[in-house]
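**Q** Single-letter residue listing:
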Amino acid sequence: MSEAVLYDVAGPRGRRRILLGSLAGGALVVLVVGAAVARLASKGVFEADRWQVLTRQDLLELIAQGLGATLRAAALAMVLAMAVGGLLAVGRLSRRRWLAAPAGAWVELFRGLPLLLVILFLFLGLPAAGVTISTFWALVGGLTLYNSAVLGEIFRAGVLSLPKGQTEAAYAIGLRRGQTLRIVLLPQAVRRMLPALISQLVTLLKDTSLGFVIAYAELLRTGRNAVEFLGGRYSIPVYTAIAVVYIAVNASLSFLARWLDRRTRRRYGRTVQPSVADEAA
Amino acid sequence: MDAVLDNLDTFRQGFVTTLALTVVSTVLALLLGTLLAAMRVSPVPTLRAAGATYVEVVRNTPLTVVFFFAVFVLPQLDIRLSFFVFAVIAVTVYHAAFFCEAVRSGINSVGVGQAEAARSIGLTFTQSLRLVVLPQAFRTVIPPLINVVIALTKNTSIAAAFGVVELTAVTTRLASANSDAVLAIFGGSAVCYLALTLTSGFLAGRLERRVAVAR
Numbered sequence: 001m002s003e004a005v006l007y008d009v010a011g012p013r014g015r016r017r018i019l020l021g022s023l024a025g026g027a028l029v030v031l032v033v034g035a036a037v038a039r040l041a042s043k044g045v046f047e048a049d050r051w052q053v054l055t056r057q058d059l060l061e062l063i064a065q066g067l068g069a070t071l072r073a074a075a076l077a078m079v080l081a082m083a084v085g086g087l088l089a090v091g092r093l094s095r096r097r098w099l100a101a102p103a104g105a106w107v108e109l110f111r112g113l114p115l116l117l118v119i120l121f122l123f124l125g126l127p128a129a130g131v132t133i134s135t136f137w138a139l140v141g142g143l144t145l146y147n148s149a150v151l152g153e154i155f156r157a158g159v160l161s162l163p164k165g166q167t168e169a170a171y172a173i174g175l176r177r178g179q180t181l182r183i184v185l186l187p188q189a190v191r192r193m194l195p196a197l198i199s200q201l202v203t204l205l206k207d208t209s210l211g212f213v214i215a216y217a218e219l220l221r222t223g224r225n226a227v228e229f230l231g232g233r234y235s236i237p238v239y240t241a242i243a244v245v246y247i248a249v250n251a252s253l254s255f256l257a258r259w260l261d262r263r264t265r266r267r268y269g270r271t272v273q274p275s276v277a278d279e280a281a
Numbered sequence: 001m002d003a004v005l006d007n008l009d010t011f012r013q014g015f016v017t018t019l020a021l022t023v024v025s026t027v028l029a030l031l032l033g034t035l036l037a038a039m040r041v042s043p044v045p046t047l048r049a050a051g052a053t054y055v056e057v058v059r060n061t062p063l064t065v066v067f068f069f070a071v072f073v074l075p076q077l078d079i080r081l082s083f084f085v086f087a088v089i090a091v092t093v094y095h096a097a098f099f100c101e102a103v104r105s106g107i108n109s110v111g112v113g114q115a116e117a118a119r120s121i122g123l124t125f126t127q128s129l130r131l132v133v134l135p136q137a138f139r140t141v142i143p144p145l146i147n148v149v150i151a152l153t154k155n156t157s158i159a160a161a162f163g164v165v166e167l168t169a170v171t172t173r174l175a176s177a178n179s180d181a182v183l184a185i186f187g188g189s190a191v192c193y194l195a196l197t198l199t200s201g202f203l204a205g206r207l208e209r210r211v212a213v214a215r
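Note that the protein sequences, when read in sequence, are chains A and B.
Read in order, the letters of the first sequence correspond to residues 1 to 281 in this note's numbering.
Read in order, the letters of the second sequence correspond to residues 1 to 215 in this note's numbering.
Derived by calculation from the structure, the hints in this document are not laboratory data.
The reader is advised that the hints may include incorrect statements.
[Said to hold, decoys possible] Covered stretches of chain B (in silico footprint by chain A; criterion: 3 or more residues with CB under 8 Å from a CB of chain A, positions within the stretch not fixed):
1) 83-90
2) 126-139
[As the list claims (entries may be wrong)] Footprint (simulated), chain A over chain B, 3 or more residues, beta carbon under 8 Å:
3) 45-56
4) 61-71
5) 99-106
6) 154-167
7) 186-199
[Said to hold, decoys possible] Some residues of chain B that are not near chain A, with every Cβ distance over 12 Å (derived):
8) L5
9) L8
10) D9
11) T10
12) A20
13) L28
14) T34
15) V41
16) V211
Every value quoted in this text rests on a predicted model; they were computed, and no experiment measured them.
Using N, Cα and C, we set each Cβ at its ideal position, and we do this for glycine too.
Please model the entire structure based on the sequences and the hints provided.
**A** As structure tokens, then:
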């Protein structure tokens, strides 16, 4: 349903009311934002010297390093999670019970656990068992385990979204099940799930900020370290800068995902829709 | 295993805190999310823009960063509350955006005829939204809504890093104190979380069948 169905095209009186509502709504927004700004200003948040800290060369280099560490962890975890997720999807789609059941259990387990708990387990639990693990690998390991479950489900949904005729035609020309999946289904499924994959990459990128908890020097941790070094009065400028970096990177990825989604739907009919809940996690 | 049984009381307190954080934040976030969704479909452009901006900014910000603003920035403005309340604020602000998107997708899934019929009998925008569209929308989005609740439940674990002694914080404390029983302690807390998330998933299935609208 397009949203415009909820109300009639406004006549002169309606337009006046909408204008009034717009003004009232705008006034409300301005009031809320204004109250917050006034509060911030009364604490001297907008003093120029506080924000000039953001022009410091060493701080900018630190933020760039933090972003680099965030992107490294995210990229590696994405690649690993896609590999494991692919195997999980093949396992769950398999007719062999001994393959499908463990793959299903893996997905249910890691989707049901908080990612932070998994990361902390790798970071605190493995050393207790005699395996030392760096903060980087604890973070990448946790992200991989969790996202392999989510991506596995996206891959599976992609394959299941294809028309049945594709599988039947593949069998008819004598392909085996494995061949059908590899040669016929997967290439088409990838196209349909590419937008969902990119949205999941946004979630994964957001989740790298959990590295903060185990002191992996990613974007957020470097920001915190900078504030501890510079002093609390610079917390708002530095954290705002960090938030802006996250939002800029993620919003461009989200934009790419939406554009790709529209294009794919126009050309090939359907796409796998990422769930709102997976984006929240 | 003994480490878990000996500390059952600590575990229980952590579990209760997690549950309280989940329930309070869910109620508040659902209210805020529904309000945002109503703003995003309203005929008033400024409200639409404000709702869209909120969702766009929040969904691209990590929850940890939202926690940062709540826990480290609010006290700078002389807003001093307990860590639990800060955690409720952060979790609510973050998940409201996702509840909003879930509700909005529900509003969009209600048949065009429903809204047209509501308009043709003379209902205003608020009336048709409240009496006709939203009741049906909520029914279709129960599974996604519960999935957001499940994500919220899991995300409350991040409060552990910001001074709230909930299940994950209890787990790490016990694990550092009993390094010989780390597996049992993490296993115990994993079971608690799975009890919450899998039960919600199960309830979602039952509820969906009960309130499903026939189309």
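**Q** Hint by hint, say whether it matches the structure.
**A** Comparing the hints with the structure gives:
Counting residues of the region 83-90 of chain B whose C-beta sits closer than 8 Å to any C-beta of chain A gives 0, which falls short of three, so the coverage hint is violated. Residues of the region 126-139 of chain B with a Cβ under 8 Å from some Cβ of chain A number 3, which satisfies the need for three, so the listed coverage holds. Under the rule that three or more residues need a Cβ within less than 8 Å of chain A, the assignment of the region 45-56 of chain B holds, with 5 such residues. By the rule of at least three residues with a Cβ nearer than 8 Å to a Cβ of chain A, the coverage given for the region 61-71 of chain B holds, with 7 such residues.
Beta-carbon proximity to chain A at under 8 Å applies to 3 residues in the region 99-106 of chain B; the threshold of 3 is reached and the given coverage holds. Check result for the region 154-167 of chain B against chain A: holds, 7 residues qualifying (beta carbon to beta carbon below 8 Å, three or more required). Coverage of the region 186-199 of chain B by chain A holds [criterion: at least 3 residues with CB-CB distance below 8 Å; count 7]. Interface exclusion of L5 of chain B from chain A stands, the closest Cβ pair being 19 Å apart, more than 12 Å.
Here L8 of chain B stays apart from chain A, with its beta-carbon at least about 19 Å from theirs, past the 12 Å limit. Residue placement check: D9 of chain B keeps its beta carbon more than 12 Å from all beta carbons of chain A (closest about 20 Å). Look at T10 of chain B: its CB is around 16 Å from the nearest CB on chain A, clear of 12 Å, so calling it non-interface holds up. For A20 of chain B, the requirement that its beta carbon stay farther than 12 Å from each beta carbon of chain A is met, with the minimum near 16 Å.
Every CB of chain A lies more than 12 Å from the CB of L28 of chain B, the least distance being 15 Å, so the non-interface label holds. At roughly 14 Å, the least C-beta separation between T34 of chain B and chain A is larger than 12 Å, which holds for a residue marked as non-interface. At roughly 5 Å, the least C-beta separation between V41 of chain B and chain A is not larger than 12 Å, which violates its mark as non-interface. With a closest Cβ-Cβ approach of about 19 Å to chain A, V211 of chain B is found to remain outside the 12 Å limit, as its non-interface label requires.
The earlier numbered hints that this structure contradicts are 1 and 15.
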